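Chains as they are written, first to last, in the working numbering: chain P, 1 to 275; chain Z, 1 to 298.
Possibly wrong hints are sitting among the right ones.
Facing chain Z, a subset of chain P residues (Cβ under 10 Å, in silico) [stated by the list, open to error]:
#1 Leu14
#2 Ala17
#3 Val83
#4 Thr101
#5 Gly103
#6 Thr229
#7 Gly271
I should point out that these hints are in silico values taken from the structure, not numbers from a laboratory.
None of the values given here were measured: they were computed from a predicted structure.
Cβ atoms here follow ideal geometry from the backbone N, Cα and C, with glycine treated the same way.
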Amino acid sequence: MTRGAKGWRLAARLACALAVATLFLFPIYWLAAISIKTPEEIFAYPPVWIPSGFRLDGYVTLFRDGDAWAVWNSLVTAGISTVLAMVIGFIAAYSIVRYRTGGDHLAIWIISQRMIPPICVAFPIFLLFVSLRIVDTYTGLVMLYTAFNLPYVIWMMRGFIQEIPLELEQSALVDGLSRWAVLWKVVLPMSRAGFFATAVFTFIFAWNDFLFALILTRSDVITYPVQVTGYFGSQSTFWSKIGAMSMLGVLPMIFVVGTMQRFIVRGFSMGAVKG
Amino acid sequence: MSQSSSIGRALDEQRAFKYLLVAPAVFVILLIGLYPFVKLILTSFQNITMFEDDHSFNGFVHYARLFGDERLWESLLHTVAFTAVALPIEILLGYLLALLFLDPMPLKRLFVAVILLPTVISPIVAGSTWRLMFDHRFGPVNQIIAFLAGGEVKLLWTVDPFLVWPAILVAEVWQWTPFMFLILLAALSNVDREQLEAAQIDGASWLMTFRKIVLPAIAPVLFVAVLIRALDLFRLFDVIWTMTGGGPGTRTETISVYAYQMAFREFDISYSSAIAFLVIFALTALVIFALRRVEIAR
């Protein structure tokens, strides 16, 4: 290929890439634009493509009316359940990898738990939560997300722990560290990049969940996706609130993609692609 | 003697330790995973509705009802058909995107990050966004179509029975094509370059190269990606919930939406349990079948 042809090829690829990126970004731009438009601009016909100013009224309303608590609720439930799932999942994964606890069966059984559609077990879980009196509480949602994410954490951490050389742990044991200490002082630091990546994914799953939050919350610990759906009324749709609340849910994810790109392939493919 | 007993004690200690480590995880999964499952099976044989709380077992009544329930089979058909349409589109578009980004390019990481964004946002937000995009008056989609068609259009994307499924398809493909793209990009990067060049020198056709070199190399990864996405599509709920709520009528009801309606709107608990069990049973059979096929293919 000549130099000129190569240059043209790259230019064409760049143009395609730009077009594709615009296509994927546009809906999110539209959402962000709605969140900062004036009411007149939102309901203008034909639609206004670029907001005239940067109006934060939609966001202010959310905070003034207390609707923004939903974002706090999401943060608390997703945050605490992530910590719990990571700790419980990490030690379980270690046991499964190093001591072959339960053979292959335990690991397969655990990952198969993730296959079942949430709606199928939603009602029995609801009944269980009613009898435990934890419907619409942080405890309930945290417990559910912890359980829901555990299979994922165990599966991912299993892969990361398998990559740690066994000799390191053995020499630490010879040096007189207890098994428990080896776990936290050798295994955890060695797998910390994978641990962190898994934690971020666990957080995303809980953060984005809708169905369980819909069923297991009423008002006190309602999460932001449930709140968003509340703005679609049968009579009127509160566009600026939908825009603002959705953006509050999207902003952390923009940060995640910006910082975690290296791990995203592995996280999404449940460890099938090492990336 | 004393040495062997100390080894024995160490082994006991190790055994206790390893079970202690998995105990919390197993407990939590049993509580939230197994208990509801057992409860589900029991309920499906009882007769619990909004008005009745009859815990006596009355056999396969609810399972018999499944066969005559047209709304159920319709929702199942919707789910399967939508999966069969959306999945190949996502694979194809994801593959094309992966080819576009396979070779080095300036700003590649930024482009990939931007394209990835839809995949990490909540499906509820994605659905809401597309509902706003598809609004027949204030949304940009009709405007763009009007611009291209050169006249005013008033397509009711979320109401018109013939347009709702395409609208949902657009939202779903927008959100999950990046998932396929990312995984296929990683898989394609690992295809042996030398083999490809050798094939090119030998004058192998594009199709031949794809079938003999590329496909075998990406097949295992592609299989996992398809399995994950197929299971996700099968439980499709959030996007439909925000975009159409299953409507108009029951036109966009998937199995998840229908099961939700039966359990939490109609409170036909026992019957919805039977539906849930049917779904779990079918999915398990399907996954086992899929895994077998792949093993045989190897």
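Hint by hint, here is what the structure shows:
1. For Leu14/P, the shortest C-beta to C-beta distance to chain Z is roughly 7 Å, which falls under 10 Å, so the interface hint holds.
2. For the restraint placing Ala17/P at the interface with chain Z, the shortest Cβ-Cβ distance is roughly 5 Å, inside the 10 Å limit, so the hint holds.
3. Annotation: interface hint on Val83/P violated; nearest CB of chain Z at approximately 13 Å, more than 10 Å.
4. Annotation: Thr101/P was flagged as interfacial toward chain Z, and the flag holds, the nearest CB pair being 5 Å apart, inside 10 Å.
5. The criterion of a C-beta within 10 Å of any C-beta in chain Z is not met by Gly103/P, whose closest approach is roughly 12 Å, and the hint is violated.
6. For Thr229/P, the suggested interface contact is upheld, since its CB lies about 6 Å from the closest CB of chain Z, less than 10 Å.
7. Satisfaction of the interface hint for Gly271/P is found here, the shortest Cβ-Cβ separation to chain Z being roughly 9 Å, below the 10 Å cut-off.
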